[in-house]
Each structure stands twice: as structure tokens, then as C-alpha cells.
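Using the sequences provided together with the hints, build the complete structure.
Protein chains: 2
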Amino acid sequence: MTSLPSCVRIREVGPRDGLQGESPVAVPDRVRLVSALAAAGLGEIEAVAFVSPRAVPAMAGAAEVLAGLDRDSGAVYVALVPNVRGAELALEAGAEALNVTISASREYSHRNVGQSIEESLAGLRSICALAAGRPVDATVSCAFGSPYEGDIEAGVVATVGARASEAGATSLTFADTTGMATPRRVEELVASVGSEIRLHFHETRGTGLVNAYAALQLGVTAFDTSIGGLGGSPFVAGAGGNLATEGLVHLLDDLGVTSGVSLERLLEAAALAQSLVKRVLPSPVAAAGPRSRLAPA
Amino acid sequence: MTSLPSCVRIREVGPRDGLQGESPVAVPDRVRLVSALAAAGLGEIEAVAFVSPRAVPAMAGAAEVLAGLDRDSGAVYVALVPNVRGAELALEAGAEALNVTISASREYSHRNVGQSIEESLAGLRSICALAAGRPVDATVSCAFGSPYEGDIEAGVVATVGARASEAGATSLTFADTTGMATPRRVEELVASVGSEIRLHFHETRGTGLVNAYAALQLGVTAFDTSIGGLGGSPFVAGAGGNLATEGLVHLLDDLGVTSGVSLERLLEAAALAQSLVKRVLPSPVAAAGPRSRLAPA
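Protein chains in written order, with the working numbering: chain V, 353 to 649; chain Z, 353 to 649.
Think of the hints as simulated: they come from the structure by calculation, not from any bench. Since the model is a prediction, treat every value here as computed from it, not as a measurement. Even for Gly, the Cβ is constructed at its ideal location relative to N, Cα and C. Some clues are possibly wrong.
What the hints assert, rightly or not - Using 25 Å as the maximum straight-line C-alpha spacing, the simulated SDA-like pairs for lysine to any residue come out as follows: (1) Lys630/V with Leu473/V; (2) Lys630/Z with Glu470/Z; (3) Lys630/V with Pro380/V; (4) Lys630/V with Arg617/V; (5) Lys630/Z with Ser387/Z; (6) Lys630/V with Cys359/Z; (7) Lys630/Z with Val408/Z; (8) Lys630/V with Val408/Z; (9) Lys630/Z with Val632/V; (10) Lys630/Z with Arg631/V; (11) Lys630/Z with Arg463/Z; (12) Lys630/V with Ala407/V; (13) Lys630/V with Ser387/Z.
Stated by the list, open to error - Partial list, computed: chain V residues near chain Z (C-beta under 7 Å): (14) Cys359; (15) Met532; (16) Val562; (17) Gly592; (18) Gly599; (19) Asp606; (20) Leu646; (21) Pro648.
As the list claims (entries may be wrong) - Some residues of chain V that are not near chain Z, with every Cβ distance over 10 Å (derived): (22) Ala391; (23) Ala445; (24) Ser468; (25) His602; (26) Val637.
Take a look at the structure:
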């Protein structure tokens, strides 16, 4: 087998990236979900977003979610913040780490956050100053292409990442926002930015897991995943959401790559997530169970 | 990038493996589907099964389907046959190639075909004699494990394959009948049987595409796939069917591996398949379109 890393770090994004597009889930249920994910062994959980509750009703109550979480669970709770005001609220509420999105696509940035890439980078700089040493991850969206411009050269994406680091980001995540990544594109990006990055994949075109496998082979050891595959667009029939946490852990377990996460407990968390959003989640491992599950005698 | 083969052969199995578990589709519609798949450039299509119409109503009318097909399409039409009687009917009806399933799992064989592996191999021998030189593929099912025994050692699977070859099979396919394959298991099997095989994957646990990618890296150049991901159990919510033809071709196109198949035409065939079975098929590429599809201006 191609040489693979011995261990991998997973940042769970279901409670934020996953739930943001769903009908709002009550604060106590969001606390339950985050707690179940921490209990499964996930060391980093994007738990909340400090965004306008009018714009994203499902993310309302972020401070209340953070207040409800056990701070001795061993998990770091991350807050997504779109701007300085969001960062202030997140830090006041005790967020231990922040995540800020910068798009590699000018058009996507313009349409989705009404900002140029320059303006987003300036915002990131202010947020990093405010964070005063707390970790700030910059997530570069559309890192494998955009539905507006099509392919975006890996060198252009790398430049956005480098400028985010200059602005003070302590780590970089490259996100396949609309499911355009393939193993070839992953290889091109890693060749440009190195393997000391986190990757964030979607199953929009069913390539999330194969991209993660290709990235592992290239030495990448940090991934974003979402419990139950929550995320993406629940309204595109047949299309998946984010790469499912239990799908990646199921693969890693079989490959002998340590993640520190319990698959059995993840499956319990996936069942909880499914009950909270009241729809069948696009997670084959959650539906079928792990490969070790035998037929009843 | 790991060195990959320059070209790959795909055997389309949707009209048989895919449709067999669906409500019956009328013969003229099955002919239309097979024809659309041949028009997309698929060189080998498992079009029918000569099985008991009482046991598998969706496969009734196999001779009529074969009679309706254009024999100058460039595609070879394969018939699945469970026994000598089926092979006689298939050859009378003009099947150009046969496929016979032998299980690597004693218990699966016993429960699903009521035969021992020995009895299946004896049947295969008779079928090969009857075929008189026409290609007979042996598909070894449960090649990556069985829900009854769990893992099956690659050496045991290899022995079943070797005995199928001795019995006269002209090619071997190893099938992940219940979605237990992983890249590690693929590597173990290829180490035992070599890369001159065909592999057949399911998306039961979302690993079909990553397994195909791992197999490509190991030099395997022949795959079974199913249009729209038809197959598997349509009644397990969230669980996929067979590896989707358009999902594999979408990946191969981006990797620069030639399949001779047109993705655009496959997507038309997938839309036809979906309309015939009257349910949303588990095919992300069919739902989302290829990565090159941009947002409307």
C-alpha cells in the first residue's frame, strides 16, 4: 500500500456547516449533538457561527450553545465568524478558536458575502488582531474551482492562502465548496501549498472520500468532516453533503490510520443528528453500519 | 500522481444487476436503456439474465430484450445465467457472452442459490462446455467479505477464482456484493490474484469510487459499473447501489484515463434509467452534473 500517515486530526463541522442550512434545531439539542461528538473523541468541533440570525436563523443562539457545553470534554470548540463584530461576540462567549472564510473565487466572494477577496483579507487581519493569540483558521473556499469561473489555478489558490497566513491566520483549510475536487486537483493543490494544511470536502459529486484518500497518500493529516454527511444542499436530490465523519473514520480504521475517534459512538451521534434534522442523511456508513457488522445469525 | 493505466474497460451492468431488484420495466424500455448505453460508448453491457421469471420478475423477457437490440452497435451483450438451462436459453437467444456467479462465501452461496461452491463450479464447467468458445466470465461474489462469515481471506477468494478458470471461465470478476471492500482489501486481493481481473464495487458504505481509484493505482483496468448507481438495495435509506457508471467516468475523465465512454451521453442514459424506475437514483454526478458545469450566467 502507498505509505499513509499514521494518524489524522479531524475537525467536526456538522453542528455549524451541517446545521446552518437546515430548519433551526433548538439550542439544547445542538448542545446534545456537540456533546455526543466530543464524547466520540473528536478533538476539534466547529460548534457555532456568530452570524446574523436573520440571515441564518439556524445559527441563532450561538452564545447559548457555547455556554451549554462542557469545557472539560477535551474538545476545542470553534466558532465561525464572518467579520469583526462576529469575532467580538464569539470571544465574549468564550470561543476557544475561530474560523474565518476567504474565497479563492472573486465572483463567489462577491455573490455570497458581498466582499472582494481584499476586503475579506482585511477583515481577517482585524479578527486575528482581536483574537490575541487564540487560534484563527482561515478556510479558503472554492479552492478546487467555482461554479462561476470554473477551475481556479492552484497557484492562485495558494496565493490567497499565503495572504491569509500573512494576515495572521494560524492554520489554513482549503475547501471544496461546490464539489469540484478530484484526486488530480488535490495533487495539484498540495504540490502548490504543501501538505501542512486541512482539507474540507463535499460529496456533491460523490468524490469526497476518494479525495480524502488521495490527500492521505500525499501526506495530508487534517480534515474537516460532518456527522451524517450533514451539509451541502439538502434540496439537490441524489447529491450528497459534506464528507461524512463516520465515512472517513470507517475508512481510516480499516487502513490502520489512527483518528482517536470511536466509530460506534459516531454512529450514535449520526442517529441523533438524523433525528434532529428529521430527514435521512446522506451517509452510507450510518445507513448500512460498518463493514464488520454481520447479518443476524 | 501515482502512475495510472492509460485506459480502462467498463462493463455496464445496470440493465441486469441494476434492474433486477426494481419493479419490472417493460421490454421495449429495457431495449431503449441498453441502446442508450451502447450509444454512450460502453463496449460491454450485461443486458439480461436468463433466470426464473417467477423468482426474478424484473428479468422476464430476456430473449425479447436480446431480440430487440441492434447487433451493430459495437457493444457486446452479456447474459447472466445461473445454470445450464439458463445458458441454453441465452445461447439460443443469441447472447454473445455469458456471466456466471460463484460465491467465495459458503454461507452466502447456500442461502442465495441453494448450492455449495463445489456445485456452482460444476455448473460453471458445464456452462463453459456448452458455450463452445464464447466468452464466459465468472463473477466471484463476496470477494471482499460476506455478511455471514465476515472477512474472507484473499487466498481463499483467489482459490475460488483459480478453480473457476480451471472450469473454463475466460475471465474473472471479483465482486464486492455487500459493500465490504476498502482500498486495503483491494490491495490484498490484487496481491493474491494479480491485476488482470475485473472488479465490481457497490456503494453500500460509500466506498465504491475510492476502491476503484485504489484498484486503478494497482493496475486494474476493468470494472463493472451501473448507470445511475442502479442496484443494491433501494430499500436501505441512505445506502447506495452499485458504483455508478457516470461517477467512474467523471473521475476517469479528470484523471486523463480513457474509457471510450461519453459522459454527456451517460447522463442522458441515467436520466432515462431514473424515469424508468421512477425513483431518484443514488448518483451524485447524475444529480449535480459534471464538475465542468458552471452556474447559469
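Hint-by-hint comparison with the structure:
no., hint, result
1, Lys630/V with Leu473/V, "violated, 37 Å"
2, Lys630/Z with Glu470/Z, "violated, 40 Å"
3, Lys630/V with Pro380/V, "holds, 16 Å"
4, Lys630/V with Arg617/V, "holds, 20 Å"
5, Lys630/Z with Ser387/Z, "holds, 19 Å"
6, Lys630/V with Cys359/Z, "violated, 44 Å"
7, Lys630/Z with Val408/Z, "holds, 19 Å"
8, Lys630/V with Val408/Z, "violated, 35 Å"
9, Lys630/Z with Val632/V, "holds, 19 Å"
10, Lys630/Z with Arg631/V, "holds, 21 Å"
11, Lys630/Z with Arg463/Z, "violated, 30 Å"
12, Lys630/V with Ala407/V, "holds, 22 Å"
13, Lys630/V with Ser387/Z, "violated, 40 Å"
14, Cys359, "violated, 16 Å"
15, Met532, "holds, 4 Å"
16, Val562, "holds, 4 Å"
17, Gly592, "holds, 6 Å"
18, Gly599, "holds, 5 Å"
19, Asp606, "holds, 4 Å"
20, Leu646, "holds, 6 Å"
21, Pro648, "violated, 9 Å"
22, Ala391, "holds, 23 Å"
23, Ala445, "holds, 34 Å"
24, Ser468, "holds, 19 Å"
25, His602, "violated, 7 Å"
26, Val637, "violated, 5 Å"
Against the hints set out earlier in the document, violations occur for numbers 1, 2, 6, 8, 11, 13, 14, 21, 25 and 26.
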